[in-house]
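Enquirer: Here the structure of chain A is known, so what remains is to put chain B in place on it, guided by the hints.
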Amino acid sequence: NAGVTQTPKFQVLKTGQSMTLQCAQDMNHNSMYWYRQDPGMGLRLIYYSASEGTTDKGEVPNGYNVSRLNKREFSLRLESAAPSQTSVYFCASSNPRGGADYEQYFGPGTRLTVT
Amino acid sequence: AQSVSQHNHHVILSEAASLELGCNYSYGGTVNLFWYVQYPGQHLQLLLKYFSGDPLVKGIKGFEAEFIKSKFSFNLRKPSVQWSDTAEYFCAVKRYQAGTALIFGKGTTLSVSS
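Heads up: the protein sequence lines correspond to chains A and B, in order. The opening position of the first sequence corresponds to residue 1 in the working numbering, with each subsequent residue numbered one higher. The opening position of the second sequence corresponds to residue 116 in the working numbering, with each subsequent residue numbered one higher.
Everything labelled a hint here was simulated from the structure, so no lab data went into it. Don't take each hint at face value.
To be verified - Here are the simulated distance ranges between beta carbons:
hint, chain 1, residue 1, chain 2, residue 2, range
1, B, Gln157, A, Thr86, 14 to 22 Å
2, B, Tyr154, A, Ser84, 21 to 29 Å
3, B, Gly177, A, Pro83, 39 to 47 Å
4, B, Leu161, A, Asp56, 22 to 30 Å
5, A, Thr5, B, Gly214, 18 to 26 Å
6, A, Ser51, B, Gln197, 37 to 45 Å
7, A, Arg77, B, Gly144, 34 to 42 Å
8, B, Gly214, A, Asn70, 18 to 26 Å
To be verified - List of simulated lysine to aspartate or glutamate pairs, DMTMM-like, C-alpha gap at most 20 Å:
hint, chain 1, residue 1, chain 2, residue 2
9, B, Lys221, A, Glu103
10, B, Lys164, A, Glu103
11, A, Lys71, A, Asp26
12, B, Lys221, A, Asp38
13, B, Lys221, A, Glu59
14, B, Lys176, A, Glu103
15, B, Lys173, A, Glu103
16, B, Lys184, B, Asp169
Every residue gets a Cβ at the ideal spot worked out from N, C-alpha and C, and that includes glycine.
With the rest of the complex left out, here is chain A (with noise of 0.2 Å):
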């Protein structure tokens, strides 16, 4: 059981560059998350995917698309890199029932630089 996996671990990319970050998750969770970690500034969520098939924007989606291509993966896109987008990104996932247990499960990351 591997949980929540990502690919890239490391990206170094040019402006106007564009590039997929993989997640995949093997718990058979319904709900999955991308989100980008800027010192000072916490986790900002970028979209997430509350089941297979839907997609929302988070706080801060511009500059990114995603696509939820089955229950099991989860990627975003950035269609042409800019240095604002040099972060830390982590793939997250969750299984809300009935209500509750919310808690999400982290992937290892992706540390991007946009030169």
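Expert: Chain B in isolation, oriented as in the chain A frame:
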């Protein structure tokens, strides 16, 4: 704006000192509350959570937190910290009937010297 506030940005303690990290939220109504920890170079892990019942919640590694509804607070405590508690700590809130996402505070960095 509705938010989660962690009052201390950086806390520095000696081993065996007691710890209290503040967390306040500004949402009315029912909430679920969490504390996560991020050790250097690692991903976030759950320390403890509150859903209902006893407002004093015990978590892993000797941590506990008390939910005080009247103060909109969920402070994290540990009677005696260890060097291995050096990490960043995040408070998070889930609002009732407001989707599934958590709202995180900005985090508190704890440095423990031996």
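Enquirer: Now, for every hint given, state plainly whether the structure supports it.
Expert: Against the structure, the hints come out as follows:
| no. | hint | result |
| --- | --- | --- |
| 1 | B:Gln157 - A:Thr86: 14 to 22 Å | holds, 20 Å |
| 2 | B:Tyr154 - A:Ser84: 21 to 29 Å | holds, 27 Å |
| 3 | B:Gly177 - A:Pro83: 39 to 47 Å | holds, 41 Å |
| 4 | B:Leu161 - A:Asp56: 22 to 30 Å | holds, 23 Å |
| 5 | A:Thr5 - B:Gly214: 18 to 26 Å | holds, 24 Å |
| 6 | A:Ser51 - B:Gln197: 37 to 45 Å | holds, 41 Å |
| 7 | A:Arg77 - B:Gly144: 34 to 42 Å | holds, 35 Å |
| 8 | B:Gly214 - A:Asn70: 18 to 26 Å | holds, 21 Å |
| 9 | B:Lys221 - A:Glu103 | holds, 18 Å |
| 10 | B:Lys164 - A:Glu103 | holds, 8 Å |
| 11 | A:Lys71 - A:Asp26 | holds, 9 Å |
| 12 | B:Lys221 - A:Asp38 | holds, 9 Å |
| 13 | B:Lys221 - A:Glu59 | holds, 14 Å |
| 14 | B:Lys176 - A:Glu103 | holds, 18 Å |
| 15 | B:Lys173 - A:Glu103 | holds, 15 Å |
| 16 | B:Lys184 - B:Asp169 | holds, 12 Å |
In summary, this structure violates none of the numbered hints.
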